[in-house]
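Top line first, the protein sequences correspond to chains A and B. Note that our numbering gives residue 111 to position 111 of the first sequence, counting from 1, and the numbers run on in steps of one. Note that our numbering gives residue 223 to position 223 of the second sequence, counting from 1, and the numbers run on in steps of one.
Worth flagging that the hints you see were computed from the coordinates, not collected in a lab. Do not rely on the hints blindly, as some may be mistaken.
Taking lysine-lysine pairs in the DSSO-like style, the calculated list, with each CA pair at most 27 Å apart, reads [stated by the list, open to error]:
hint: 1; chain 1: A; residue 1: LYS68; chain 2: B; residue 2: LYS95
hint: 2; chain 1: A; residue 1: LYS246; chain 2: B; residue 2: LYS44
hint: 3; chain 1: A; residue 1: LYS151; chain 2: B; residue 2: LYS241
hint: 4; chain 1: B; residue 1: LYS133; chain 2: A; residue 2: LYS35
hint: 5; chain 1: B; residue 1: LYS298; chain 2: A; residue 2: LYS295
hint: 6; chain 1: A; residue 1: LYS151; chain 2: A; residue 2: LYS57
hint: 7; chain 1: B; residue 1: LYS329; chain 2: A; residue 2: LYS246
hint: 8; chain 1: B; residue 1: LYS330; chain 2: A; residue 2: LYS151
hint: 9; chain 1: A; residue 1: LYS151; chain 2: A; residue 2: LYS68
hint: 10; chain 1: B; residue 1: LYS320; chain 2: A; residue 2: LYS365
hint: 11; chain 1: A; residue 1: LYS35; chain 2: B; residue 2: LYS330
hint: 12; chain 1: A; residue 1: LYS295; chain 2: B; residue 2: LYS76
hint: 13; chain 1: B; residue 1: LYS298; chain 2: A; residue 2: LYS137
hint: 14; chain 1: B; residue 1: LYS241; chain 2: A; residue 2: LYS246
hint: 15; chain 1: B; residue 1: LYS320; chain 2: B; residue 2: LYS150
hint: 16; chain 1: A; residue 1: LYS246; chain 2: B; residue 2: LYS175
hint: 17; chain 1: A; residue 1: LYS246; chain 2: B; residue 2: LYS330
hint: 18; chain 1: B; residue 1: LYS241; chain 2: A; residue 2: LYS295
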Amino acid sequence: MRMRIFATAAAIAALSSPLVAKTITVNPGADAQAKLQEALIVAEPGDVVELGEGRFKLTDGLSLDVAKVTVKGQGAGKTFLDFTGQLGAGEGLLVTSDDVVLRDFAVENTKGDGIKSKGADRIVYHKLRVEWTGGPKETNGAYGIYPVESKDVLVDNVVVRGASDAGIYVGQSQNIIVRNSLAMDNVAGIEIENSYNADVHDNLATRNTGGILVFDLPNLPQMGGHNVRIFENVVVDNMTPNFAPKGNIVANVPTGTGIMVMANRNVHVFDNMLGQNGTANVMIVGYRYPYEDPKYDPVAKDVAIWGNQHEKAGWDPKFAGGAQLAAALGGSLPPIFWDGAGGDAARPYVGDVVPALSLGLTDLKATPEAANPSMLPPSTATFTELPKVVLPESMEAAVR
Amino acid sequence: MRALFIACVCLALALAARSGEATTIAGNPPLLSAFGFFNGGADKPAPGLISYSLGTPLFSDYAEKQRFIALPEGAKVTVGIDGRMVFPVGTALIKSFGYGDAVGKMKIIETRLLLHRAEGWVALPYVWRADGKDAELKLGGARVPASFRKPNGEQMSISYAVPNKNQCKQCHSTKDAITPIGPVWQNMVFANERAKKALMAKAAFVGAVPAQQPRWDDPKSGTVEQRALSYLRVNCGHCHKPTGSASNSGLFFDDHDGGGAALGIGKRPVAAGRGSGNFDFVIEPGHPERSILIHRMKSTDPGVAMPELGRATAHDEGIKLLEDWIRSKKPAA
Chain A
1 MRMRIFATAA AIAALSSPLV AKTITVNPGA DAQAKLQEAL IVAEPGDVVE LGEGRFKLTD
61 GLSLDVAKVT VKGQGAGKTF LDFTGQLGAG EGLLVTSDDV VLRDFAVENT KGDGIKSKGA
121 DRIVYHKLRV EWTGGPKETN GAYGIYPVES KDVLVDNVVV RGASDAGIYV GQSQNIIVRN
181 SLAMDNVAGI EIENSYNADV HDNLATRNTG GILVFDLPNL PQMGGHNVRI FENVVVDNMT
241 PNFAPKGNIV ANVPTGTGIM VMANRNVHVF DNMLGQNGTA NVMIVGYRYP YEDPKYDPVA
301 KDVAIWGNQH EKAGWDPKFA GGAQLAAALG GSLPPIFWDG AGGDAARPYV GDVVPALSLG
361 LTDLKATPEA ANPSMLPPST ATFTELPKVV LPESMEAAVR
Chain B
1 MRALFIACVC LALALAARSG EATTIAGNPP LLSAFGFFNG GADKPAPGLI SYSLGTPLFS
61 DYAEKQRFIA LPEGAKVTVG IDGRMVFPVG TALIKSFGYG DAVGKMKIIE TRLLLHRAEG
121 WVALPYVWRA DGKDAELKLG GARVPASFRK PNGEQMSISY AVPNKNQCKQ CHSTKDAITP
181 IGPVWQNMVF ANERAKKALM AKAAFVGAVP AQQPRWDDPK SGTVEQRALS YLRVNCGHCH
241 KPTGSASNSG LFFDDHDGGG AALGIGKRPV AAGRGSGNFD FVIEPGHPER SILIHRMKST
301 DPGVAMPELG RATAHDEGIK LLEDWIRSKK PAA
């Protein structure tokens, strides 16, 4: 008996010698769930898990907890991870290890979030599609692409459609780039929340309820979101009626919002093309809900807006009191407005050559009915441009 | 002989672990019998195993659980002041899951191992073969049809989920390392004095022997609030803690003093999606019917249900306890 045990031990020891990086190929089929999950477990750092062409019908969430693994399909229109029949787990794919690259596949119809990565530093999302194929519905999952609590995040060339919260959501993270991506038919197209140092550029956000959101919320481990640059995006026609389940913060985003900044510091919005957003092209607000958290700052500060092209906006503002306000202003709101939270010290810099409005709701407890609107005078303040976000070279190399 | 055998297995595991990382991945025994924990069936544990149960257990689709500790020969367990147990390298924690059939005979579906190797804990799921004589390693998890009767008499047929190796870690992780959850002294219950003494003989207590914590289902053991907090700690606190899988939620049920937004009281959802059920707060004092916590406990929809795993069924009795607790709390002014 003892012989057998030591034979086992020896066999185990033999297996442990270093191996060269390898490719594990998994194809769709009856046992795809177990095969694919096993591949994601037995993969070793440096390995590629290659997904074949076709439709993987999955019943449970997948997860990856091995560092330096690439999961690669044959293309977002050729390799489908189909979660229509999902029975368990809160997301389609969960990544909890560092230096992972996800590329060239699609995730469809997860019951919860699409792809979540948590505490996964230097993660790369590239040429992916996450979609709820039935169009905007309250029963769709919350987030499409969902990195959280991570350092160095790259989302490049992805398509996300149908999320009942945010298509691309980066939360409580640092050093983030979201670029070259399409977010449509979501409640929020792209959302950067409670995060530090983010560049969001060259994206198209359209047919969402709100195009691009930069939020900071209380009662979370990482707060004080700051240093976010939103530039060279096209944010147009975000007129999908809000379909988020109530209770979630995005359920309060007015239909027809282009770019919305809430309770962040140092947010720069520049050189974007904005238009056909019925509430506003750019909206800056404080966090106007009761909360208990002495460490939280509910006021948006040091927001700067310049160089943007504005098309039509503000003709159908979907927030409480918005219609009356528009009527009082001749039928439409200006394309940029600020709720006035924090008073003059928090007044945004507006360099765009369009009118900008303050609602004058200096006090965060004031309701929209108490608005004391006034046009913002031309900004004379100066500010320092934020540095660009630079990610480790290995991440950029992965998408070249 | 049997104890010696287990000691050998533990030693072999410890040695194997030292020899490299691959043992945590592909190099695990494909059959449970290789460990010698069971003598040809889940109902035949080896004599050296220490059996225990928990006063407040984690709900897993009404499955019954059989728990064992296999300690290396001569090794000691340290019980901290907080009751948490520190097991020596070579320890195995063994947990079998199953249901009683129509005549009450237990049929074990799976046995999960937590092995304490030199480089840390490793979690492995084994699924018993149809003949019940041995179990096979299923790193990728499995689904097994299961039928059982709920305590209220309702007959259930579910797709029982055996977690994959990563899902084991999802619940068992602290700062990204795998840790045991269950064996906390104040929550441990023994079948008899002999079993208790068997473990105490191998345990070193850093402080006084901790008193039992309130049992979720025993009104004599504590107030509704104390029992609700016990339930939350065991059923939610392994993920909902600052170092756990749900750290980003800011909602913490591990060791707390029972108040405030971190416990969910008056806390708005963050990443709940449709899990919110159109309600504003995780816990709204006085209003279980408007509390997201209750909504998510009642749901069996994978995008809504909490906990996320082992929840093809709602835990009616646990829900009732938490409803009673929330109802007893004074509504906000």
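Hints versus structure:
Of the supplied pair hints, the one linking LYS68/A and LYS95/B is violated, its CA atoms being roughly 32 Å apart against a limit of 27 Å. Taken as a hint, the LYS246/A and LYS44/B pair is broken in the structure, with Cα atoms around 52 Å apart against an allowance of 27 Å. Restraint check: the Cα-Cα separation between LYS151/A and LYS241/B comes to about 20 Å, which is no more than 27 Å; the hinted pair holds. Proximity of LYS133/B to LYS35/A is assessed by CA-CA distance (about 25 Å); at most 27 Å being required, the pair is judged to hold.
Using a Cα cut-off of 27 Å, the hinted pair LYS298/B and LYS295/A is violated, with the two alpha carbons roughly 34 Å apart. As the CA atoms of LYS151/A and LYS57/A are separated by approximately 32 Å, the hinted pair breaks the 27 Å bound. Our distance criterion of 27 Å between C-alpha atoms is met by LYS329/B and LYS246/A, whose separation comes to about 24 Å. Of the supplied pair hints, the one linking LYS330/B and LYS151/A is violated, its CA atoms being roughly 41 Å apart against a limit of 27 Å.
Taken as a hint, the LYS151/A and LYS68/A pair is honoured in the structure, with Cα atoms around 15 Å apart against an allowance of 27 Å. Under the criterion of a C-alpha separation no larger than 27 Å, the hint pairing LYS320/B with LYS365/A is inconsistent with the structure, at around 36 Å. With a CA separation close to 51 Å, the supplied pair LYS35/A and LYS330/B exceeds the 27 Å bound. At roughly 44 Å between alpha-carbon atoms, LYS295/A and LYS76/B are farther apart than 27 Å, so this suggested pair is violated.
Under the criterion of a C-alpha separation no larger than 27 Å, the hint pairing LYS298/B with LYS137/A is consistent with the structure, at around 22 Å. Between the alpha carbons of LYS241/B and LYS246/A the distance comes to roughly 26 Å, so the proposed pair stays at or under 27 Å and holds. Distance restraint check for LYS320/B and LYS150/B: the Cα-Cα separation of roughly 15 Å lies within the 27 Å cut-off, and the hinted pair is therefore satisfied. In summary, the hint linking LYS246/A to LYS175/B is not supported, as the alpha carbons are separated by about 33 Å, beyond the 27 Å threshold.
Proximity of LYS246/A to LYS330/B is assessed by CA-CA distance (about 24 Å); at most 27 Å being required, the pair is judged to hold. This hinted pair checks out: LYS241/B and LYS295/A have alpha carbons roughly 19 Å apart, not beyond 27 Å.
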